[in-house]
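Please work from the sequences and hints to get the whole structure.
Order-wise, the sequence lines are chains E, P, U and G.
For the first sequence, the tail end lands on 377 under the working numbering, and the numbers increase by one without skipping.
For the second sequence, the tail end lands on 1068 under the working numbering, and the numbers increase by one without skipping.
For the third sequence, the tail end lands on 401 under the working numbering, and the numbers increase by one without skipping.
For the fourth sequence, the tail end lands on 371 under the working numbering, and the numbers increase by one without skipping.
If you're looking for bench data, these hints aren't it; they were derived computationally from the structure.
Now the stretches of chain E that chain G is said to cover, found in silico as 3 or more residues with beta-carbon under 8 Å: (1) 195-205; (2) 213-224; (3) 229-243; (4) 250-257; (5) 321-327.
Ideal Cβ placement from N, Cα and C applies to all residues, glycine included.
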Amino acid sequence: MAKIDLNGVGHCYSGKPEKLEDFALRPMNHSWDHGRAYALLGPSGCGKTTLLNIISGLIRPSEGRVLFGGVDVTDQPTAKRNIAQVFQFPVIYKNVTVYNNLAFPLRCRKLPADEIDRKVREVARLLNLTEQLKSSAARLSADAKQLISLGRGLVRNDVAALLLDEPLTVIDPHLKWLLRRKLKEINDTYNQTMVLVTHDQNEALTFAEKVVVMQAGQIVQVGTAQELFENPRHTFVGYFIGSPAMNFMPCRLDGNAVKVGEERISLPELATVDVPPEGKVEIGIRPEFLKLEHDASPDTLEVPILNVRDLGNFRIATVRFAGHDLKIKIPEARPIPSEKGFLRFPRQWTKLYVDDVLREPAGA
Amino acid sequence: MLGLYRFLKYSAILLWSAFVAGPFLWALTTSFKTSEGIVSGATYIPWLQYKPSLDGWGVLFRRGGQGIDIVDPYLASLTVTLSASAISLVLGTLAAYGLSRFSYKAGPIKNADITFFFISQRIMPPIVLSIPFFLMLQAFGLLDTKLGLIIVYVALLMPIAVWVMIDFFHNIPVELDETAMLDGCRPVETFFRVILPNCKPGLVVAGLFCLIFGWNDFFFAFMLTFTKTQLLPVAVVALNSSVTPWWSLSASALVSVAPLVILAFVVEKYLSRGNLAGAIK
Amino acid sequence: MLVSRQKLIFLLPGLLVLVAIIIFPLLFTIRVSFSSWDVMYPGLDWIGGKNYSRLFSDSRFWESLQRLAGIAVGTVVIEYLLGFGLALLVWKEVRYKRFFRVLFLVPMMTTPVIMSVIWRTIFHESLGPLNNILGFLGLGQVPWLSTAGMAVVSVMMVEIWQWTPFMFLLLLAGLLSLPKEPFQAAAIDGAGPFRTFFMVTFPLMAPISIGTLIIRLIEASKIMETVYVLTSGGPGTATETSSYYIYIRGLRDFQIGYAASLSVTYLVLMILALTILAKFLVRAFISKDKA
Amino acid sequence: MSLIIDNVSKSVDGEIHLQDIHLTMQKGSFNTLLGPTLSGKTSLLRLLAGLDKPTSGRIMMGGQDLSSIPVWKRNVSMVYQQFINYPHLDIYENIAFPLRRAGLAKAEIDRKVRATAETLRIDELLRRSPGELSGGQQQRTALARSLVKGADLLLLDEPLINLDYKLREEFHDEFTNIFADNRDTIIIYSSTDPLESLLLGGDILVLDEGRQLQHGPTHDVYRNPRMEAVARVFNDPQMNMINGRVENGRIVLGQGLTLPRSTHMTDLREGKYRFGLRANALGLSRASADDVELEARVELGEINGSETFVHIHHNEVSWVVQEDGVHTHSLGQVIRVYFNPEYLFAFDEKGMLAAAPKYVPGSGTAEE
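Right, here's the structure in full:
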């Protein structure tokens, strides 16, 4: 029952980092609050597995300390850390029953038989496994096996965090949402810290209260699904979350406007942001928020429409603006102008990034 | 606790290493002895316990008289083992590929039965086949010839090649073959242009097993050859029953087993990987 | 289908060669077993089942079978335990791991008869190193090859030296192919080394264990070369295995017809026994799966 | 040259994989095979490639029965779900492989390999071996190899299913360019993803359990699913289906949600129907005065790309609501959802379409 703190934790597989790029995981501070559901999201090679292994103790970080409830566990092996983990492929003890699978961690801890029995039955009820308690674990379907792996973490009282490493990879697509729901329900009931590690955006956003987005060995943003979508603090988040990805264009600030190529977008507030002379400056806006109007008005810019893709539920129009292709997402019901339209950048949804990091105007 | 565990672990490893290496070390030291080092009981350390001599090694390459000619059997063994292994590997690999990729049917007999037929040959005790082999080779005038032995060894080794290679082919996705055919290769071209170049690890393991069982066979060589052709194991065992001194016996034994032992160290990386695991399941 | 002609190119050469080399001799052996072919009257006459009724009362044959069963099962079980133990030892991080892995394989690379020649000198009661070392340790002298009991032990020891590496090789390959996660899960669940072995390692290795045991049982049921060199079946008939007995009858006494009937009987019994053993092993290793 | 699939069936060991597939595809067409897993998509592609034989029926190409032509003599390419490349050859040789088999001149091969590699943006990787590449790059290589030889028939069996979705997006954006030159080719692309088929456009064949459900221009089939099964397969999230009836000139949904009959339903006879409603026709705010309001409990808010699929429970029936943008909903929360009866589909008791909402093709421009 504990908060997990990473103090200056970083890892370099070769042992001797000379520059920041040598780190598989760059030194960082991060806390995992007790009882919350987190997702650790990023593409393969972003360092999320390294971070997970550092928490579970399979890797000793080359820098920094790991604290569980204030106690330094950096040098403790996995078995001593009181974590539970569900792996990508279901792990069960295949020659014993479901009951004995669930009882196993408690037997290892030498709990009295009646208490084991009580806990096993309680968890089995929660996971809808009561009927199968007496059957051999090896014969169950992949999703039931995955529930057993989860159950072995839930029976224990001493678990500081439940780590889920891409646990739905082998689950049938149509069963996935049931399991996602189960995971959320468990998090509600058990008030246990859960960390889901995944490369799947939908998985992470659906499951977690807080999503930790990683890229190239760094945490680039921590936030709720809605925050990540509506206010990406890093261009990578804008690209990685949402489909299609956020539109980005290099730009300059010029008076009270943002200048892309020769086009001026009037955004007085954004134009007040302090920009270092060497910095890479971009504006970004999501296809959902960019507006394509039929008629000109003072704050619109005329653009040619390159193509429109009808995706049933919605359409994606591609327009050309100052030499860049921008995507605009338009609901099924709303009509689209033909050939040319007028682009509007709503202030609230237009973001400014300097060296990939979001910069907000002072008053915001 | 951890220290004790490590101590026990390394002790066990060293103990077994001693058991494994013991006979070789004994043979090695014995090969440098003369009767002086033997008749008064076991001795181990040259110079200290006995005066080393190269007599044991010298006679190996001397013909007639005191000499034990080991060169001819050596060459004969090499010829027979390499030929039989090569033929088995070629025929076995082809058959294994066919069985892993196509379905064959002859009446009630299907792929699984044919595969079983190939592999089950290992069950056959040599003695059961020895009499008809003897008569058969005699009928064809192949008794006491290398060719006769090669034919017999092919029957012995092909099942091994089929066993190792079938599993190897099962681990190559069929889609690779299909892609080659879609790209314009006939099945035979597919095999030679696409599959074979990707088979090296399997071929090394299968080849090594063929060499082991071929080089080390004694019984058939013993039954089916007499004077004209003599393979190494027969030659060495013949020394055993005669009055050959221990030192030349040891030297000839070491020379005989050396090639495969060296080979094992050369192809080490192919052996200890998980290559074989699938074959046994 | 059009592939049909092409696909035969792969299978037929090997299959035909094997059928030619194996099937005809086998059928011939069966035919000979119904003849009285011997050194005096070589030829294929027909004497019906006489050879078979004779072997029924041939107690030396049945004893050799029993002995073979004992030696084969005994050595294979010991080889399995040792092989598994050794594989476990060098599976994880060990210094000079690669060297030890090959060293442990070396005996199977060597020619059994040739190494038996060396072993004979090792077992030598007065001049060999084994008794010398035992004497040095104060354990007294052992009549290795001259008493019935110890001769069997000697044969088994040489077999174990020779073939434990084969077990080791296959079991190590098996261990190396196992996924990591079950072991991590067991560590997280708090299992110690013994629990981990019995709940994770052993069950995961069950299919591989069965495979290696069967392969080795097949090979061990043919034991004869070691016997030939080490003891020649002696003292008396103490180490005479079935193969060796058939060898004596057929190729030393030249009772070809009778030896053929012994061969056929031996082969049939062996296949039966191995089939039953295989079934038994499958049940012994994965019975709980089906519970 | 057209491809005619003439009453083709395929069964393996008594199990039916395909039943009576009957259709024609024209040269230069782009076709999608849409169906859930095990619906027979791969079986059909394998028959067309010549890798398997149909149990009955014929496959004709340019008037010629293909059954007597072995795979290696057909001019067919196939891209698999798995990334299949020749591991012992580098990327250049992988792409050149079919051309070398066809005996093209060296210079010609070089020109084609480089041009195709450039289209697929792997021209920098030509000397690498497939094992060194990422999954996306490996699949690009496989695509390049299948495109380079200018096959009559290009088959793609869920080629992006093993890539993660950002990579899929990348490919989707490039497909127009990659398949630009298909005048002489019939392309068949199998997919489980309705969105992907809509994006690819062209014609579609909807398969389910080995049966051909509907064949036609992709967007037509989407707007007018011939039967309930098509609507089920061709919507993600699945179309909400509610039992109901037309009674006394009104529509009754489920346990007694009564609605006026909207214009496209006026011809419906009284009786039992299954009513379908796309998830995007449901909203969390009132969009028009005609909207019907439901009170429901949230089962799960599932986020998919830039949308939120809200699974809700109303009166013993589960519905899915598609909400634009990413939003958080807590389990068990009670919300109000709205829909306009204009968007209801109706299917009769045999599962055939009885009425579809009128589709006013936005004032949108045509495809591309």
